[in-house]
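> Chain A is fixed; fit chain B onto it per the hints.
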Amino acid sequence: MLIRRISHQMRNNFDHDNELIKALCGQREEEVNMAIAWLLKNEKLKRGTQKMVFEYGGSREDAEDVFAEGINSLIKNIVLRRFNEKSMLSTYLYSICRNIYLSKYRQNPLTLPLKEAGHQTDSNSNIENKIIANEQKKIQEEVFNQFLERLNEKCKKVLEMQKKGVSMADIAIEMDWKTSQAAKNYTFKCRKKMRELFLNDDDILKILNKKA
Amino acid sequence: MKNFEKIDDYLKGKLSTEKEIEFKNEIAQNEDLAKEVKVQQLEEEAIEFLVEQGLTAQINRVKGEIEEEKKKKQTTDIIQIGNWKKYLLLAASIALVIITFWFINLPQASNKFALLEHKKQFLLEMSENRAVINSSDNFSVNQQKMISEEKRSIKEAIIFFESIPNIDSSYADAQYNLAHAHFLNKDYVTATKIFQNYFDTAKDGNRKKDFAQYNLLLTYLANEDEESAKLIYNDILENNSRYKNNKNLKDFFNK
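Going down the list, the sequences are from chains A and B.
For what it's worth, our numbering labels the leading residue of the first sequence as 54, then goes sequentially.
For what it's worth, our numbering labels the leading residue of the second sequence as 85, then goes sequentially.
Among the hints, erroneous ones may be present.
[To be verified] A short, non-exhaustive set of chain B residues, derived as facing chain A with CB atoms under 8 Å: (1) Glu127; (2) Ala130; (3) Gln142; (4) Ile150; (5) Ser237.
[To be verified] Here are the simulated lysine-lysine pairs, DSBU-like style, with alpha carbons at most 35 Å apart: (6) A:Lys210 with B:Lys292; (7) B:Lys96 with A:Lys191; (8) A:Lys217 with B:Lys86; (9) B:Lys334 with A:Lys209; (10) A:Lys264 with B:Lys96; (11) A:Lys99 with B:Lys147; (12) A:Lys237 with B:Lys86; (13) A:Lys245 with B:Lys86; (14) A:Lys217 with B:Lys122; (15) B:Lys292 with A:Lys190; (16) B:Lys86 with A:Lys209; (17) B:Lys196 with B:Lys169; (18) A:Lys104 with B:Lys154.
[Said to hold, decoys possible] Which stretches of chain A does chain B cover? Using the computed rule of at least three CB atoms under 8 Å from a CB of chain B, they are: (19) 89–96; (20) 123–132; (21) 189–200; (22) 247–256.
Keep in mind the hints are simulated off the structure, nothing from the lab.
Note that the structure is predicted; figures quoted are calculated from it, not measured.
Note that CB positions come from ideal geometry on N, CA and C, so glycine has one too.
Isolated chain A, as found in the complex:
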């Protein structure tokens, strides 16, 4: 069981942000799982989120939800190289959680957080735009879901690794190819296949037409 192997190692791991980032961006599933578990179980980070939510008048349940969502976003941002490492991870997580909490409550003026009382709220049009944007994002994700099922598993794996910043040499090792060029060639082949399918997918074309 992966957690059993994780738990006895957890005590002294990830003292520094770069260790955690390295583990999350690594190729070993075990190491990634360890880093994820460390974040989910981190009481110090949780308390920081709780404090923020309570200051805004939120409940314990809100804090739990916000923390879980925040951790998800944090992990994804780190893996997809969106985190620029200029601030501490805890600070970054805090701002993610804060944005999640405020955006949740700002959509509904009736449930304004206490801390924001007296401040001018978003205009109705801004709220409407955000709702529309969220809806469009959901539609896009559904389209992507269906589209990606048409790609084979090998392609998906290679594209995922490339997106995560894995080198061609490491992709070759992972896929059991002889050279990094073989990895590069296959990756390009996948992209080409993807492009073909994209341009023949009506739903994808609709999205493309809507984009500016």
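This is chain B only, laid out in the frame that chain A set:
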């Protein structure tokens, strides 16, 4: 896909500022290029979505493992707490039994006094019969058994003294010793009856009558019947010259 690499560099911010401006101008002037950039950008978003999906699944798997671990721990804790409670209950029950038994057997003040006084009285009476005690006849042997204070020996003595028929000349003495034996065997009720009977049947002036009354008082006290013992004491004060000035009795009843 002839512009794939360049578009890829542009979308990933790998171009220098100069080249980026140049490329942006190119996009603005070339509709096909602009379309290609849009398509490639959406492809990148789709691949990002793929990665995010994979991560979500992985995070949920880890969450599930953590929850499972928590549940197992809770179950183990509950079982351990349950066992701990069971053991505590058992220990408490045993302790209660022991304490109750101890409490029941704890000599109360009157009982403690009676046991002490009886021992002194009994040994005093036996010492006065030293010649008999040193004998090897059955009567003496059984008296010696009572002095030993061994439970088995006392029971043997009881059996012996009970066996002496009332037609025997030593029947009265046997009964007297039997009373002592029952006292030593903690059968205060029987001891009371026999001492009372001896007292009732013995002649006045007989020292053993005095002894019997005193022993009767002690037997009532041993049985924690202070009321009856007090009645005996009052009679002793009036009629029992041997014990009316007994300091220990005075101290006990005048406390």
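> Do the alpha carbons of Lys237 of chain A and Lys86 of chain B lie within 35 Å of each other, as the hint requires?
Holds. Lys237 of chain A to Lys86 of chain B sits at ~16 Å (cutoff 35 Å).
> With a cut-off of 35 Å on the C-alpha distance, tell me whether Lys96 of chain B and Lys191 of chain A pass.
Holds. Lys96 of chain B to Lys191 of chain A sits at ~24 Å (cutoff 35 Å).
> How does the stretch 189–200 of chain A fare against chain B when you require at least three residues with a CB closer than 8 Å, holds or violated?
It holds, with 5 qualifying residues against the three required.
> Quick one, are Lys210 of chain A and Lys292 of chain B close enough, alpha carbons at most 35 Å?
With a Cα-Cα distance of about 112 Å, the restraint between Lys210 of chain A and Lys292 of chain B is violated, given a limit of 35 Å.
> Is Lys217 of chain A close enough to Lys86 of chain B, meaning Cα to Cα at most 35 Å?
Measuring from Cα to Cα gives roughly 24 Å; hence the hint holds.
> Could you check if Glu127 of chain B really has its C-beta closer than 8 Å to a C-beta on chain A?
holds, 6 Å
> Taking a Cβ-Cβ distance under 8 Å as contact, does the stretch 89–96 of chain A have three or more residues in contact with chain B?
Three-residue rule met by the stretch 89–96 of chain A, so holds; n is 4.
> Tell me if the straight-line CA distance from Lys217 of chain A to Lys122 of chain B falls inside 35 Å.
holds, 21 Å
> Counting residues of the stretch 123–132 of chain A that have a beta-carbon nearer than 8 Å to any beta-carbon of chain B, does the count reach 3?
holds (count 5)
> Does Lys154 of chain B lie within 35 Å of Lys104 of chain A when you go C-alpha to C-alpha?
Given pair Lys104 of chain A, Lys154 of chain B holds - Cα atoms ~24 Å apart, limit 35 Å.
> Taking 35 Å as the top limit, are the C-alpha atoms of Lys196 of chain B and Lys169 of chain B close enough?
violated, 39 Å
> Count the residues of the stretch 247–256 of chain A with a beta-carbon closer than 8 Å to any beta-carbon of chain B: does the count reach three?
Since 4 is at least three, the answer is holds.
The structure is inconsistent with the numbered hints 5, 6, 9, 15, 17, although it conforms to all the rest.
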